[in-house]
Amino acid sequence: MTTTKRRESRRAQHVRGAQGARVTVRNTLIAYAFMLPFLILLVLYHTWPVFFGTYLAFTKYNIISPPEWVGLENFRTLAADSQFWAGLRNSLKYILVVPVIQLLSIAVAMLVNRPLRGIGFFRTAYYVPVVTSFAVVGLIWTWMYQQDGPVSAVLRFLGLEARGSLLNNPVTALYAVMFVTLWKGIGYYMVLYLAGLQAIGRELEEAAVIDGATRWQVFVNVTLPGLRPTILVCSLLSTISAIKVFEEIYVMTQGGPAGSTYTALFFTYSRAFVDFQYGLAAAAGLIIAVISIVFGFINFKLTRGGKADA
Amino acid sequence: MLERAASSQRPAASPTLSEIKARRRRKNLLWNALAYTVLVVIALILLYPFYWTLITSLETTGSIYEAKLLPKDVSLRNYFEVFQGTTVPFWRLIVNSLIICTLGVTLTVTLASLAAYPLAKMRFPGRDLIFYAILVLMVLPNEAGLIVNYITTIKLGLLQQTNPVLDAARQYAAVVLPGVASIVGLFLLRQAYLGVPIELIEAARIDGAKELTIWRRIMLPLALPTIVAFSILEFVAYWNSFLWARIMLPDKELMPLSAGLLELSGTFSTNSRAVMAGAVITVLPILVIFAFGQRYFMKGIEGAVKG
Numbered sequence: 092m093t094t095t096k097r098r099e100s101r102r103a104q105h106v107r108g109a110q111g112a113r114v115t116v117r118n119t120l121i122a123y124a125f126m127l128p129f130l131i132l133l134v135l136y137h138t139w140p141v142f143f144g145t146y147l148a149f150t151k152y153n154i155i156s157p158p159e160w161v162g163l164e165n166f167r168t169l170a171a172d173s174q175f176w177a178g179l180r181n182s183l184k185y186i187l188v189v190p191v192i193q194l195l196s197i198a199v200a201m202l203v204n205r206p207l208r209g210i211g212f213f214r215t216a217y218y219v220p221v222v223t224s225f226a227v228v229g230l231i232w233t234w235m236y237q238q239d240g241p242v243s244a245v246l247r248f249l250g251l252e253a254r255g256s257l258l259n260n261p262v263t264a265l266y267a268v269m270f271v272t273l274w275k276g277i278g279y280y281m282v283l284y285l286a287g288l289q290a291i292g293r294e295l296e297e298a299a300v301i302d303g304a305t306r307w308q309v310f311v312n313v314t315l316p317g318l319r320p321t322i323l324v325c326s327l328l329s330t331i332s333a334i335k336v337f338e339e340i341y342v343m344t345q346g347g348p349a350g351s352t353y354t355a356l357f358f359t360y361s362r363a364f365v366d367f368q369y370g371l372a373a374a375a376g377l378i379i380a381v382i383s384i385v386f387g388f389i390n391f392k393l394t395r396g397g398k399a400d401a
Numbered sequence: 081m082l083e084r085a086a087s088s089q090r091p092a093a094s095p096t097l098s099e100i101k102a103r104r105r106r107k108n109l110l111w112n113a114l115a116y117t118v119l120v121v122i123a124l125i126l127l128y129p130f131y132w133t134l135i136t137s138l139e140t141t142g143s144i145y146e147a148k149l150l151p152k153d154v155s156l157r158n159y160f161e162v163f164q165g166t167t168v169p170f171w172r173l174i175v176n177s178l179i180i181c182t183l184g185v186t187l188t189v190t191l192a193s194l195a196a197y198p199l200a201k202m203r204f205p206g207r208d209l210i211f212y213a214i215l216v217l218m219v220l221p222n223e224a225g226l227i228v229n230y231i232t233t234i235k236l237g238l239l240q241q242t243n244p245v246l247d248a249a250r251q252y253a254a255v256v257l258p259g260v261a262s263i264v265g266l267f268l269l270r271q272a273y274l275g276v277p278i279e280l281i282e283a284a285r286i287d288g289a290k291e292l293t294i295w296r297r298i299m300l301p302l303a304l305p306t307i308v309a310f311s312i313l314e315f316v317a318y319w320n321s322f323l324w325a326r327i328m329l330p331d332k333e334l335m336p337l338s339a340g341l342l343e344l345s346g347t348f349s350t351n352s353r354a355v356m357a358g359a360v361i362t363v364l365p366i367l368v369i370f371a372f373g374q375r376y377f378m379k380g381i382e383g384a385v386k387g
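Top line first, the protein sequences correspond to chains B and A.
With the numbering used here applied, the first sequence covers 92 to 401.
With the numbering used here applied, the second sequence covers 81 to 387.
Where hints are given, some of them may not hold.
Unchecked claim - Distance condition first, Cα-Cα at most 30 Å in a straight line; then the derived DSSO-like pairs of lysine-lysine:
no., chain 1, residue 1, chain 2, residue 2
1, A, Lys235, B, Lys151
2, A, Lys379, A, Lys235
3, A, Lys379, B, Lys392
4, B, Lys392, B, Lys151
If you're looking for bench data, these hints aren't it; they were derived computationally from the structure.
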């Protein structure tokens, strides 16, 4: 009884803690003064782009003259533009990365979750690609993919012959870039899954083992359901970033060869910053945003809202 | 192994406890050996490209892209070259990156830690509204961000050219400002402040302390682990960012390292090894920061997700 009472009073304190001092005009002004610099920049660089970007999608705009309202014309232009469709197709193809990266990072997280000597080194090492800039990663892999480079050596070892760089071949370029995304992202999702695994704890798994479950049964019936919230977050993050993939492409292929790595966001980029058609670019951006929201929703449904229980 | 196998062939109806233990130990040993093999293979796949770039950047002869385990010769010639042989001096890029990171991290951390205080520990009208509005912004995709922010930057006059000193200051600001209002940072710091006991704050208020003093003397020290984690995250983010700077900066002299590196690879097509040296120099500070702050860093990431 006493412990519950104590806990209750602590909770009351916590609520009061969240409330703070009395509401007075003075205190309100102080509160807003604390937030003012943050809020100004937030509105300017985060809120304003959402609204102004949506507005621009229905205009013709080149910065020099004011935006001119054109209704749905930009969307009609996009619908007739085969380059836009090609970009969209490649962006959707890029979602192939998602299941692969999720499966691999779950596997790696389970591996580094084992209490082995020196495991900390491996966890840290696997994170190195994550903290490296796409500028550097893109360059390194452009070199690695060169005709006589290490990747060709590995392919030859596997009995495959690569003629030239994989990045110069329209058939393989997109997959070569996908591999880099995978290579750079695995450590990131590994850390998230590791946090998820540690939240599950060992007790439940050990209890299942004592009850005679095999490793596979434990994984399917205990570990996987426990990871469901993490799987939702991770697959959501990686699906959205797959649809918006850009930096890898920008550094390694610039959309080529023969448009084989031309993605939707690359289309947006080149319309805006190469052709200065800001309205058209904003319309393409809006479409990508809507697609991301739809895929976010699908993810949410597939993982049943990420509820931990099966 | 053989001896142990022989000893376990004792004539016994059921295995004794020690035999079960021995068998389990052997099985464990096998699993561990397998686990280490896989761990090492993954480490090789993830780290070899960095190592390869490092050793290739140290070579001066040989076929450049060849797979190798050791450099043929070791020389710092490519490193001298990358500092000398370009139109934009490499040291200038380093200075730019340092300025951008210092400015960016200081502003981002200060603004988030200021703004999080009322959201965690004060009562005022509109608090919940502001908090939820900020959360919605975090979820909302911001595809037009690049385009509209570019337009905003121009309209704010940050790319105007008047006199060299002012131009530089404005362009640094143009690079840094769009990233300064960090929603994730606000969220992390609010979480950290929520854990600070209200008694401390109330006692200080009764003693007549101003809110700014409470923030500086109580909140900041107690939220220090989160602040350190967040600062490291932000340093890495600012150091690595290149796209925004490349899109926007008219003045190549003011580019940060990552952005300048791509410029280098364009103009330096005859000597990839020098660009590799540049890449090594670009990664090095991040690896050092990461090695020292790894603990905080991971906490920051987990906090950002669990939040």
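query = Hint numbers the structure violates, sorted upward?
reply = Checked against the structure, the hints that fail are numbers 2, 4, while the rest are satisfied.
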